[in-house]
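Order-wise, the sequence lines are chains A and B.
Under my numbering, the first residue of the first sequence is numbered 1, with each subsequent residue one higher.
Under my numbering, the first residue of the second sequence is numbered 1, with each subsequent residue one higher.
Certain hints may be false.
What the hints assert, rightly or not - Lysine to any residue pairs mimicking SDA-like chemistry, simulated, CA-CA at most 25 Å apart:
#  : chain 1 : residue 1 : chain 2 : residue 2
1  : B       : K94       : A       : K44
2  : A       : K44       : B       : P68
3  : B       : K155      : B       : N113
4  : A       : K21       : A       : G79
5  : A       : K113      : B       : N113
6  : B       : K155      : B       : I112
7  : B       : K64       : A       : L31
8  : A       : K50       : B       : K64
9  : B       : K64       : A       : K86
10 : A       : K86       : B       : Q129
11 : A       : K58       : A       : G79
12 : A       : K50       : B       : L184
13 : B       : K92       : B       : N102
14 : A       : K65       : A       : L54
Unchecked claim - With beta-carbon atoms standing in for the labels, derived distance ranges:
#  : chain 1 : residue 1 : chain 2 : residue 2 : range
15 : B       : G82       : A       : S32       : 48 to 56 Å
16 : B       : E152      : A       : E49       : 20 to 28 Å
17 : A       : E49       : B       : K180      : 49 to 57 Å
18 : B       : D172      : A       : E42       : 48 to 56 Å
19 : B       : C89       : A       : E42       : 24 to 32 Å
20 : A       : D48       : B       : N183      : 45 to 53 Å
21 : A       : N62       : B       : Y80       : 35 to 43 Å
22 : A       : G130      : B       : I61       : 34 to 42 Å
Please keep in mind that the hints were generated in silico from the structure rather than gathered at the bench.
The beta-carbon is built from N, C-alpha and C at its ideal position, and this holds for glycine as well.
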Amino acid sequence: MKILSVILIIILMSFSVHAIKISVEPAHINLSGRIGEKLCQEVKVSSDEKTIFLADDKWSLNNEKGNFNGYDLTSGEIGLATEYRKTFSSGDKFNFCVGASEVGKYYGIVLFKTSAGNAVIGSLVKIEVGENKERDLTILSGMIMISLALCLILGLMIYYRRRS
Amino acid sequence: MAGARQNLWTRSSGSEKIFKACFAIYIMKYIGLCAGLFLMVCLIGVVEAAPNATVEVEADIYAKPTIPDVISIEVPNHVYLGLVNESDCGNKIKVYMNNTGNVNISVTPVLINQSADNIFQNLYFQTRQSGNLSAVKRIGSYSFLMEKPSTEGGKESDYFYMWLDLTDYMTDIKSNMIGKKDNLLFVALPR
Chain A
1 MKILSVILII ILMSFSVHAI KISVEPAHIN LSGRIGEKLC QEVKVSSDEK
51 TIFLADDKWS LNNEKGNFNG YDLTSGEIGL ATEYRKTFSS GDKFNFCVGA
101 SEVGKYYGIV LFKTSAGNAV IGSLVKIEVG ENKERDLTIL SGMIMISLAL
151 CLILGLMIYY RRRS
Chain B
1 MAGARQNLWT RSSGSEKIFK ACFAIYIMKY IGLCAGLFLM VCLIGVVEAA
51 PNATVEVEAD IYAKPTIPDV ISIEVPNHVY LGLVNESDCG NKIKVYMNNT
101 GNVNISVTPV LINQSADNIF QNLYFQTRQS GNLSAVKRIG SYSFLMEKPS
151 TEGGKESDYF YMWLDLTDYM TDIKSNMIGK KDNLLFVALP R
C-alpha cells in the first residue's frame with residue numbers, strides 16, 4: 001500500500017515538472033493621439049506548445065505599474081473603445097487598437113490566457129489623449145462665420161431703416 | 001707642335017664653353033620644370049584644401065539593433081499540494097517559475113472560481129521562509145516579483161512557497177475530497 005502511495009505521489013509530482021512557456025511582444029504598449037483617433041500597436045503572442053490564446057483587457061485611471069488587482073475597470077467604463085481579435089494561435093500577430101472620447105491618461109493591461117494551462121501573460125498599456133486641434137479650429141472658424149453673418153444682417157437692417 | 005697643341009687646347013676650350021653653356025641651360029630648364037611642377041602641386045594642394053580646411057573621413061557604422069521588450073514566462077501546468085487534513089495546515093510546496101523575457105515581472109496567483117466557499121481560497125503564499133521576504137499572504141493579496149535574466153536570451157529561475165491552510169476553514173468537510181482541483185492562474189505582468 002505504501003509503495004503504491006509513493007508511486008502515485010511520484011506520478012503526480014512528475015505533472016508539476018511540466019511547464020508551458022508563453023511570450024508577448026511588446027511588453028509595454030505606449031500610444032498617444034487625439035480624441036476620436038484610432039491608436040494601434042502590433043502585438044505578437046507565442047508559446048512553445050500548440051495552444052489557443054484568449055485575449056481580454058482591463059483598465060485603471062491610475063498608473064498601477066503592473067499591480068494586477070489595480071486594473072478593475074472595463075474599457076467602456078472609462079470611455080475607451082478597444083478593437084482587436086479575441087482569439088489567436090501561437091505566433092499570431094495582430095493589431096491592438098484603442099480610441100478615447102475624452103482627454104486624459106489611461107492605464108491598462110491586455111491579457112492573454114492559454115486555453116490549456118494556467119498561465120496568463122499581459123502587456124502594460126499607457127495611452128495619452130490630447131485635445132483635438134482640428135475640431136477646435138472648425139468650431140472657431142464656424143463661430144467667426146456666424147458672427148460675420150450676424151454683423152451683415154445687422155448692417156443691412158440699419159441701412160434699410162435709414163432709407164425708409 | 002706646341003702651336004698645334006695650343007690651337008687644339010683653344011679649340012677644345014671653346015667647345016667646352018659651348019658645352020658648359022648648353023649644360024647650364026639644360027640644368028636651368030630642368031630646375032625650372034621641377035620648380036614649376038612643385039609649384040603646381042602646391043597650388044593644387046592649396047586649392048583643394050583651402051575651401052573648408054577639412055578632411056573627408058569615411059567609416060562603416062552599424063546601428064545598435066533595437067531589441068523589443070518581451071514578456072515571457074514558464075509556469076508549471078500542475079501543482080500538487082499534497083494531503084491536507086480538515087482544520088490542519090498542508091506542507092509548503094516550492095513552486096518554480098522562469099522569467100524568459102527581457103523585462104522585470106510580477107506574477108499574481110488568481111483563482112478563477114472566486115466564491116467564498118471555495119476551499120482554495122485558503123491558499124497561502126510566502127516568497128522566502130525567513131528574512132525580508134518571509135511575509136505570509138493569502139491568495140488575492142500576493143504577488144511574486146521576478147527579475148529579468150542577466151543575459152539576453154537567458155532564463156531567470158526563482159521560486160515561492162504555496163500551501164493550503166484549512167485551520168480557519170469553517171465549512172464542514174463531510175467526506176474525503178481526493179484529487180480536489182481548481183484552476184489557479186498565474187498572471188504575469190511587466191513592472
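Results for each hint:
1. Between K94(B) and K44(A) the alpha-carbon distance is near 31 Å, which puts this suggested pair outside the 25 Å criterion.
2. For a cut-off of 25 Å, the pair hint linking K44(A) to P68(B) stands: about 11 Å separates their Cα positions.
3. As the CA atoms of K155(B) and N113(B) are separated by approximately 31 Å, the hinted pair breaks the 25 Å bound.
4. At most 25 Å may separate the alpha-carbon atoms for a hinted pair to count; K21(A) and G79(A) exceed this at roughly 34 Å.
5. The suggested pairing of K113(A) with N113(B) holds, with an alpha-carbon distance near 16 Å, which does not exceed 25 Å.
6. The suggested pairing of K155(B) with I112(B) is violated, with an alpha-carbon distance near 28 Å, which exceeds 25 Å.
7. For the suggested pair K64(B) and L31(A), the alpha carbons sit about 24 Å apart, so the restraint of at most 25 Å is met.
8. Straight-line distance between C-alpha atoms of K50(A) and K64(B) comes to about 34 Å, which puts the hinted pair past the 25 Å bound.
9. Distance hint between K64(B) and K86(A) is unfulfilled; the C-alpha atoms sit about 35 Å from each other, more than 25 Å.
10. The hinted pair formed by K86(A) and Q129(B) fails the criterion: a straight-line CA distance of about 40 Å is larger than 25 Å.
11. Note on K58(A) and G79(A): the hinted pairing holds, with a Cα-Cα distance of about 13 Å set against a maximum of 25 Å.
12. A C-alpha spacing of about 20 Å is found between K50(A) and L184(B), which places the hinted pair at or below 25 Å, so the restraint holds.
13. Of the supplied pair hints, the one linking K92(B) and N102(B) is violated, its CA atoms being roughly 30 Å apart against a limit of 25 Å.
14. Proximity of K65(A) to L54(A) is assessed by CA-CA distance (about 23 Å); at most 25 Å being required, the pair is judged to hold.
15. Between G82(B) and S32(A) the beta carbons are some 50 Å apart, a value that agrees with the proposed interval 48 to 56 Å.
16. Range check, E152(B) to E49(A): about 24 Å between beta-carbon atoms, so the 20 to 28 Å window is met.
17. Checking the proposed 49 to 57 Å range against E49(A) and K180(B) shows it is violated: the Cβ atoms sit about 26 Å from each other.
18. At roughly 54 Å, the beta carbons of D172(B) and E42(A) sit within the given window of 48 to 56 Å.
19. Take C89(B) and E42(A): their Cβ atoms lie about 48 Å apart, and the range 24 to 32 Å is violated.
20. For D48(A) paired with N183(B), a C-beta distance near 21 Å fails the hint of 45 to 53 Å.
21. Checked against the hint of 35 to 43 Å, the pair N62(A) and Y80(B) passes, with Cβ atoms roughly 38 Å apart.
22. For the pair G130(A) and I61(B), the beta carbons lie near 36 Å from each other, so the given range of 34 to 42 Å is met.
Checked against the numbered hints given earlier, the structure breaks hints 1, 3, 4, 6, 8, 9, 10, 13, 17, 19, 20 and satisfies all the rest.
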